[in-house]
Structures are given as C-alpha cells and as structure tokens.
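Guided by the hints, dock chains A, Z, D and W onto chain X, whose structure is given.
Each protein sequence line maps, in turn, to chains X, A, Z, D and W. If you read the first sequence in this note's numbering, its first letter stands for residue 1, the second for the next number, and so on. If you read the second sequence in this note's numbering, its first letter stands for residue 1, the second for the next number, and so on. If you read the third sequence in this note's numbering, its first letter stands for residue 1, the second for the next number, and so on. If you read the fourth sequence in this note's numbering, its first letter stands for residue 1, the second for the next number, and so on. If you read the fifth sequence in this note's numbering, its first letter stands for residue 1, the second for the next number, and so on.
There could be a bad hint or two in this list.
Calculated cross-link-like contacts (lysine-lysine; reagent style DSS-like; alpha-carbon spacing at most 25 Å) [what the hints assert, rightly or not]:
1. W/21 with A/91
2. D/20 with A/48
3. D/91 with D/180
4. D/60 with W/312
5. D/82 with W/312
6. D/60 with W/308
7. W/312 with D/91
8. D/91 with Z/152
9. D/91 with D/147
10. D/60 with D/147
11. D/69 with D/82
12. D/60 with W/309
13. W/193 with D/20
14. D/183 with D/60
15. D/69 with W/308
16. X/149 with D/69
17. Z/148 with D/41
18. D/82 with D/183
19. W/250 with W/305
20. Z/12 with Z/152
21. W/312 with D/69
22. A/331 with D/20
23. W/21 with A/151
24. D/82 with D/60
25. A/48 with D/41
26. D/91 with D/60
27. D/69 with W/309
28. X/85 with X/149
29. W/305 with D/69
30. D/147 with D/90
Derived, one-sided and incomplete: chain X residues facing chain W with beta-carbon distance under 10 Å [as the list claims (entries may be wrong)]:
31. 57
32. 72
33. 83
34. 110
Keep in mind that the hints were calculated from the coordinates and are not lab data. Cβ atoms here follow ideal geometry from the backbone N, Cα and C, with glycine treated the same way.
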Amino acid sequence: MNEQQLHDKLRATGLGGIGELESSARDPFVVVEASVLLEVMAFLRDDSETAMEMLHNVTAVQRETGFDVVYHLCSYSRHHSLTLKVIVAQPEGEAGDWEPAVPSVASVYPSANWHEREQWDLLGVRFNDHPDFRRIILPEEWIGHPLRKDYVYPSTFGEIPLELDAIPLYERDENDPPKPSEPRPAGTPLTQPPSEYSTRPDAGGRAPAPEKKGES
Amino acid sequence: METLIDFFTGTLGLGPTLALSLAYATAIGSLLGFITVYAMFAIWMERKVAAHIQQRFGPMEVGGWHGWAQSPADALKLMFKEDIIPSGANKVLFWIAPAIVFCGVLAGFIAIPFAAGVQIVDIDLGVFFIIAIASIEVIGVIMAGWSSNSKYSLFGAVREAAQVVSYELPSATALLAPILVVGSFKLGDFNTYQAEHGWIIFSNPFMWIALLVYFIASLAGCKRAPFDLPEAESELVSGFHTEYSGMRFSFFGLEEFVSMLLVSAITCTLFLGGYTLPFNFLDVANLAAPFHLLGVAVLIVKIFAVIFVQMWLRWTLPRMRVDQVMTMGYKYLLPWALFAVAGTAVWHVWMEG
Amino acid sequence: MGLLNNTLPDNKLVGAVDTAVGWGRKSSVWPMTFGIACCAIEMMAVFAATFDLDRFGAGIPRATPRQSDLIIVPGTVNAKMAVRVRRLYDQMAEPRYVIAMGACVCGGGPYVKWGYNTVKGVHKIIPVDIFVPGCPPRPEALMDGILKLREKIGREAVFARRNEANTQMNAKYDAVS
Amino acid sequence: MGSVREYFSNIANGLGSTAKGMAITLRHFTSEPIITVQYPKESLPIPPTYRGMHILEQEKCIDCHLCAKACPVDCIEIESVKHGRVLEWKKFSIDYKKCIFCEFCIPPCPVDCIHMTTEFALATDNADGMVEDMLTWTGLRPEDQAKLEGKASPKKPAAPAPAGGGEGDARSRVAAMLAKRKKEEG
Amino acid sequence: MEALEMYTVDDRSDVYTEELKLNLGPQHPSTHGVLRVELSMDGEIITASRCDIGYLHRCAEKIGENVTYLQYTPYTDRMDYLASMNNNLAWSLTVEKLLGVEAPERAQWLRMICAELNRIASHLIAFGTYGIDIGANTPFFYAFRERESIMALLERPSGARMLYNYIQPGGLRRDVDENWVTDVLAFCDDFEKRWAEYNTLLSNNRIFIGRTANIGVIPQDVVYACGATGPVMRGSGIKWDLRRDVPYLKPYEEVDFDVPVGEGTHGTLGDCWDRYWVRMREMMESIRIIRQGCAALPGGEVMEKVMKKMYKTPLTPEAGEAYMRCENPRGELGFYVVAEGGTSPIRCRARAPSFCNLSLLDSLLPGTMIADAVAIIGSLDIVLGEVDR
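One chain only, chain X, in its complex shape (with noise of 0.2 Å):
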C-alpha cells in the first residue's frame, strides 16, 4: 500500500485531527494533532492491512515557529511505511526554555521509550506519562538541551574543564582555587557568558552564521 492509499484508511478511521497527506516533500507525512496520536498509532499498529509493526525513528525538530516531532512507522510484512508528524507551535509568550509537551507513544511501541528519552535529553522535548522519564545519554546533572538553537556551551561541567585552552589541573596554583561553578537556581535561563579567552561561537552560543565560514 503507498501512502495515498494508507492516507485514506486513515481518514476512513473517522478520528478527528488528521490533516492533509503532504505528498510533495520526498517522503510524504501526514500532519496529527497531538491529541489523537495515541489512536492513530495504535489503529496503523493494530489494522491487519496497515500492519505498522515497528515504530523505526522518533525525532524532534527545532523550527523558528516551534517544534515538530516526526514518527517514521514501518511494516515489515506489507514491506511500507510511513511518517508522522506533531506540529507544537511556540506560545508567544514565554521565550528561552519553553518546553513543548506531546502524549508519550511508549505504551504502544516500547521501542519509542529511548527514542524520546534522547529527545528530552537533547532537545527538551517533554513527553507526557513515559514510563521512566530522564535523561538518557547526558549525565543527570548536565544544565540545559545541548541541541536547542539556543545553546550556549558550558566552560565546565562540576570540575572537569570542557574549553580548549582550558588550564590543565596539574598547572592550577594552590593560592587561587578554580571556583566551582555555582548551580544554576531551577527556571532561570542559561545565561551564563562564555569565559573571554574561549573559542566557542561568538556570544550567546548561536552558531556563527554560515556564510562568514563556507563562502569564499
């Protein structure tokens, strides 16, 4: 079945919040609302024609207008699949570390569980009621979503130096102790400016814009 065709067993369902069948991107996605995905997943898994046994990929991504998080399905008996995607749109009103929150998939695909553990821990994606909800690869105490437009790079993390001319620990001198960075109180954003003689991207972490690199 190709992706018209599964399209329209969806629509055939009758659950509201299925939107247009993008056909024109290279791999065509069906846009759902967030509150009907658990129903979705859980038709295209069960359905004998549709027979989405795997959920392959889940992944967020970080627009200008807010978030998307698109679920790659794939059947391995109907050899098909399909991609959906959640579209989380920013509210005006807060900035900085607004976390968007979408239904979590892991009781209908297990598999889903580490896939949006990384999201949260990446990108700060919240992912309600999943079974274990922590961060997956980055230690527990790491500040902040490394993946975010946003992010501005740590100079440490606790004691161990992550700069490039950061000072070795056995050249530091008794008399002036490396101050131990302070924890950052919980809801403030990551503001902290990068130390002067770092190399990171210039202020603020936003990465330099392409052309002063690439164009010649």
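This is chains A, Z, D and W only, laid out in the frame that chain X set:
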C-alpha cells in the same frame, strides 16, 4: 634424602639433628630454586606457545634470542611496583592470602620422587597427602577474594571454592585406579612397579579413562583452560586477584604455574611411568650414583609434555559456566572415574585369576 | 619510603640499580584493556597477530588497573567518562604511565569546535606521558609511541615517580575524582 | 531413554569438537607461517594514497586560505604578508592535535600545492609539540627581495633550507619526501 | 517422606539475604566499549538490570547542524566505527536523495563492493570479540588476520585503514587502482577456507554451544516492540533484509544472494547462537555479493560531475527533508535530514541500530547469570560510538 643425611654425618661429621636439618634445608632450597626457575620458564613458554598458535612471535626483543629474559624482567618490574592495599580491605587477610596459596601448593612437592633417591620424604599416604595439601590453596583464595573488598573478587573466590572443592572428588577417585594396580600409596613404589611391569597406562584399557578423567579434573583443580572461572578474564575482570598488584600478584601468577607443575608431576608419576623410560630402556631406577639423576631429566621431559597439552587446551577451548562446571564434575567425571576403578579391579582379578 | 626518596646519592651503584630496574620496567609494560572508541579497535589491532605488541613484553593486557602499568586512553573522553578515567588512573599502582592515543585525547580532535561535552585533551585531567596523534593513529604509530615511552621509562630513576612533586601534582587532581 | 542417549551424545560431541578444535590450533602451532610485521625493522607497505602528514610546496602556494576554510576543525593557520605578487611567509602550521586526516583540504587548492604523504609517526611527549610548521622557508628569500626591488632576480636554484627538526623527527622525513617528490616531477 | 520435609527450608522469610548491586562498569573487558549496566544480583543470578549509556556521547547531531554536508561525512565514520563504509553510504544516499542526484553506475557498484567488504570486517570483529567474551582467545587473532587483509584492500582506494571517508555525496572520493579487483577476488577465495576453520574452532564447539544455546532468547514480538533490526531480528527468524526487500542501491537488485535466518538449530529460535550463526552466514553471503559485483563492475566516471564542485563551494540543497534507511552490519541505520537552504542542515538525526538493539538488554538480563549476561551483550554486537552518537 638418605644420601644427603649420610653425606652430612659421614664426611662432615656433624651431629644427627644438625645433619638432618641441613639435609632438609638443602633439599627444600634446591626444590624452591627449581620451582622458581621452572615457573619463569613456564610463563615464557606459555606466552610463546600462545603466540605461535596465534601466528605471532610472542616475546622477542627482551633479552637475547626470542626474548628469553622476559620473565625475569616481569619479576623485576613487579618487585618495584607500588604495593596497594585497598582502603576497605581487611589488612591481615589481604596480606597473608598469597602466602597461604603459595605454601599450599609448594607443600605438595615433598612427596614427589624426581629420581631414584631424590625425594624429600616418601610419605606412606603419598598420593592422598598431595591432594589434601593442595586443597589448602582454596583457603588462601577465599581469603584473597573476601578481604580485597571488591564484588568481583568475592564472586571469583566463591566460584573458586565451589569448583576446586567439587573437583577433588573425581580426581581422587580417578587416582584410585593406578593405586589399585600398584597396591600402595607411596609414590616411590609406583616407580619401582612401573620399572618392572611397564607403564601403568598400558596395563589395562580402563586406565585411559582414569587418565582422561584425572587430567580434566586436574585442569579444574588448578583453574586452567575451560575451567578458569575464578579469574575469568572477560566476566569477573580478574577474579579473586583483582585488587592485588605488584609482588603480591606475582605470587598468584606463580601459584598457577606451580600447581600445573604439581598436577603434571602426579600424572607422570602415576600414569606415565615416573622417571622410568617406556620399556625400562636404560633401567634408570638403579643406575650408578651420578647417572641416576638422568631420571630427573626424564621426568621433566614428561612433565613439559603434559604442560604443553594443558597450554594447548587453554588456547583452544572457550570457558564453561559455573553450573556447567558443576554438572560436568558430578554427572560426567565422577561416574566415569568410578567406572574406571571398577573396570581396573575386574580386569586385574580376571587377569590374575 | 621517605628516607629512600630523595637522599640517594648519584653514584655508580645507584646508577646501576636505576638502569637495571629501568630495563625491567621498560621490557614488561603491561597495558590495560581500556577501550573507549575507534582508537580502541586500532589498539586491539596492535595486540593482534600482525603488529604483535607481545614482542616488547607488553602483550598481556590486564583488565584491572591495579596490575597494569600503562593506561592507553584510546577514544574521546567526554564529561561523563572523565570521572571514570580519573578514577582508573588513581587506582593504578605507582610507576604508571599514560599514552594519549588519538586526536580526540591529544587536543580535541574532530570534536574540538562543536563538542559541548568532550574534554579537549585528556592531559587536562590526567598527566600524559606520550601523545600519539592521528584519527585513528596507525598501529605502527601507536607502537612508535610505545617505543618512545619505553625509552623514557628506561631513563627514569627507580623512585622518580614517588617524589614530592609527583604526589603534589596528583593531590591537585583529587578535586575531580 | 532419551536422556541417556543425550548423555552419551554430549560426551561424544564434546570430545569430538574439542579434538577437532585442538587439531586446528596444533596445525597453526606447527605449520602456519607467522604473519607478524616486526615494526621497527619492517613495516606494512603503505599505498601512495594514504592520508598521513601534509606536505606544502611553498613556491606554488598563493595564500588563498581555501584549505583553511575547507577544514572541518580549522586546524590550518596561515599568516603571510602580501607584497604585490610576492609573499612574505610568517606561518603555515597544521595542528595535528585537531587534524582528523579527512583530506578535505587537498581538493579545493587552486594551484594543488598541498598533498598528504605516507608519514604517520607523530608521537611526541609535549602537549603543544603537535603543531607542525609546513614552511620550508620563512620571511623573504633573496630572489623575493630582488623581485621586490624590481632587479632581475639571479637565476640560482632555490635552496630551501629545511627549517628546524633533527634527523629523527617527522618534519625532516617530510622534507626529504618533498625533495624526492620534486625529483620525480622535475 | 515427611521427615525429609522437616529439613527443607521452604519459606525463606527468616533467611535474611541482601541484593548485591554490581556495576558492569564503563571499563569492563566485555562491554564492547563504554557501556555501564547496573545489575542487582541474588548470588550469581541477575534479578534486575538497568543500562546507563552516554559515556561516548560526542555531540554528533550538534555537529551535523554546524558543518557542511560534505564535511559531515567523516563524522558519520566515527558513529559506527566498525562499519564506517556503510555509514558513509547511508549519509551519501540521504544527501543525494535530498538533492535529487544519482551517483554514476560504476560508483554504485564500487559502493556495494566496499560496503560488503566492510560488513565482513565488522562481522569478523563481532566473531573475534564474541570468542573472547566466551573465553576462547584464539579466534580473535584469526579474525584480525583476515581483517588486516580487508583493511589493506580498503586502504588503497580510500587512504585510511579504518575510518574511510571514501563514499561521499555524489559518488566516490577517487577510483580504485587497476589490480584492486583481482586482489579482492583473491581475498574471497582465501576467506572461504578460513571460514570453515572458524566453524570447527568455535561455532561447533560443544562448550561454545553450551554457553550460547537457549540463552538470551528474543521472541519475534519483542523484536518488533523494541525496534531491533539486522542480525538480531534475523536471528529470531524474521526474514527481512533491506538490501533485498527495499533495495537502496540499484546493484543490489541485480545481485542474487539469500538472507540467512536463525532456525534454532541448537536450542530455541532466537537465542545467542542463532544471532551468531546468522552473522557467520552473512559473511559468506557478502562474499557471494562481492564476487558477482567484481564480475559485473562497469567502467566510467566515479564522481557525479555536478557534485565535483562541492569540494570548492559547499552544497546548498533547497528546503526539504529526507529519511534514508540502509542495512548496516548491526541493523538498519537511518539518517533523517531537515534542510532549510543553508550550507548545513537544521536537524540531522541518525537512527542507530545499536541504540535500539541495546534497549532489548534490560528485558533479557533478569534471570540469567553474569556469564550469560556477557554472552548476551556479545551476541547483540553493539558499538557504543553508535549508541551514544
């Protein structure tokens, strides 16, 4: 041993007690010297055998030809390593464990006859004395495992206790077969019997089963080849000697090779004709005084053949799991050992009868 | 130990002991089976048959830090792994040597610009004896590094690593572990 | 009965497979050739396309910084003063602490003056000893001064004095390789 | 008989036993890298296990957003560093799908041959280290002997021994030299003899079978539930291989090979031995593919002409996204790239097969012993560079 005592009392004219103690001192001193030199050679041999099986060279650059000075270099380095006693460790047990392990195995060499007169004491219960003394080593290993306050070494020690204790049963039963044939426990009698009647291994077909069972049980006894569970390299990091470093660790390394020597010596003496050649070729047992030391050379050649088979097995077979080791010990080795002993008895009664 | 540390006069006898012990240590450097990333595969190739490290006596990789003299750090050390590397280094028995294998641990390597959680060079957390750059360095390059380390060990005095300067330097590291 | 048959088949299978395995290891022990390459004495043949240490043909270089821009880790630093067409070289260093030998700096060069040799032995013991300088001469050569003052430059062959580096270390080997490569082209 | 019952201790309520917390720590001979598994043990039996990964997290996806498309190829090498040719292939195909470009004919055939050679090298390491996990040290050295010849073969065209950066978007870095193909065929003939040797040494060894049969059994629904792919999926009897079912390279359609599947020869279907045996048979399938590939290798260009300029000015594909799945030795590696016109994508996600295969571990370990835990981790054949990215 008697010749030494006569030498001290006769030529040097010392009192009997002084002569006795001097004789024992020289005998045990030479035994210790032989064992350390043997251990260094065996470690080098193991690395070369492993290397050539794996199509590489093994130690080459250290010392002259083919890296002969590799083991002395290891020993020298280990001597000057920092001796770490972990903070949470039980100091006394941690300190004494390697000594007990090494003494347990070393004591077994008292009863081994290297040549006609060359034996420290020909103990009446020779065979069972060696097996009993060699099991003291388990106490040392459990001490090491428990006292070094690390979970991996505790696992190693507990596995060691389960394995070695349960493998003494089949090894002792398997040794009953040659004892039946010779009729005495004294190791000296084994050599004299095999001088006249030829090697025990050829005396009856069941002896081959007894030899195989004893060989496998002895592998488990000295934690080698498929049974190296107590210091399983890939599971328990380094088993019971995880926390040992420097000279203490070298004792454990030495102990493994010395117990291999002890076990091979027993196999050769009981099954493969001690220091006698196959058809009593040169009648080595009762040669003239200086030449009877040829027996030592014969025994050492046989020992190194058995040790080569042990090394060869180590670099071929994977490791067994703890419960598989137990099932093999009780379900496979013990019944076959009993079968071999029964077979030998029936065979000899039927042959004499 | 204190007495022996710094009161040894430099004369023929002490010199001879230094060279003898130096030869012993040099010709039996036992590395640790410690693999982090791609350089660990090239380190395994050095132990394998084609580039046999056992020829220099360094062929028994010990699994525990207690019995190994040399820790080859092959692969990127990130913030979460740095504490473990530091603890491994502390657990090693004293005359211990470190080889930083690979560009990641020599000075950042491929993750030098955008790596937010990688330690740019393991010499920032443990004192390194020999740097072997390359991504990953050829097995021959690592053997070249090990040969240079052997020469360095051979020249060292017996108690060089136990004097005050070394212990103070290590004390400064306690902050991390 | 099944377990008794399985008991004996276990024994037969165990002994049989052990014997076959030991036969293989014995064959390797006795007859298989040893494949070790004894490194300091011999070395594996390295193909010419191997990505090792860089070489710079300084005369051709026009200081266009394209190779520095193409590097994903920015490990090439170039400093030179332009006097019209003549270049006064200050620094052309590659930081092998960062270089990942990905060969992206070779194709963009318009005059094709940077290449990768098969030199790999870069082990050193000081932390910033891994910044290798690729220049064979710094500042202005005599014929550059002559060109600057407009005089006809004397036609003596350029004798690039290899800067620094004893016999043993990587720089001198690279310089020797540069000379050999020039002989092949010339 | 009831006198006997008196002595057996039925209820262990008064017997005080304590759970032992064991750390199969980041530095452990058999965790295939820096994986930490927190085990709580009751004696030798594991009662609960929890994986702790992230010790080799190298910000691959953040770098993806800051580096141009061509410059990201060496970083894909370093994800699954045992099969870096397959990673390059997946990344190049994703970028080509994004740009709508097709690699030339000869490049596609050479890509298939190099990817299969790298698959054999990766399976050889899996075979060698699995032997060490179970305790047999010699197969590791024989496996590395073959791997050295493969690395020498792949070194000639690409220039590096392990992290090749050879397959780049649009084709290949450079063409292979003339007697490369004959050397590859010579390697294939020699490899078949060695392969038979491995089987007698390890695969059919009674102790090895005892250690791996009936251990770590993964039923098929758990495979789908946890998203395990590749040899782990085929070991449980699911006959699926992307190279045959969703051919992402044209040459895979013209080459005939079959997909080895676990049959439960020793013990139940889906145990460690089946996964190991699937990998061993896949090596022989790859040899068949390479032979047919070398026979049908067409001539011609190796790099797409329009893409040659990417070395000078970075590629700038127009806005869009692409998701491409390729069959890696460890499973299906998927790259999901979202581009918005710049020289580097705004999101570059790698779906790593080892990451999903490892999520199986927490459900497999409880109830086994440490020796089995080591065997199970070895049979999943995970690479931490890919798990943590």
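(message) Taking the earlier hints as the rules, which of them does this structure contradict?
(response) 8, 18
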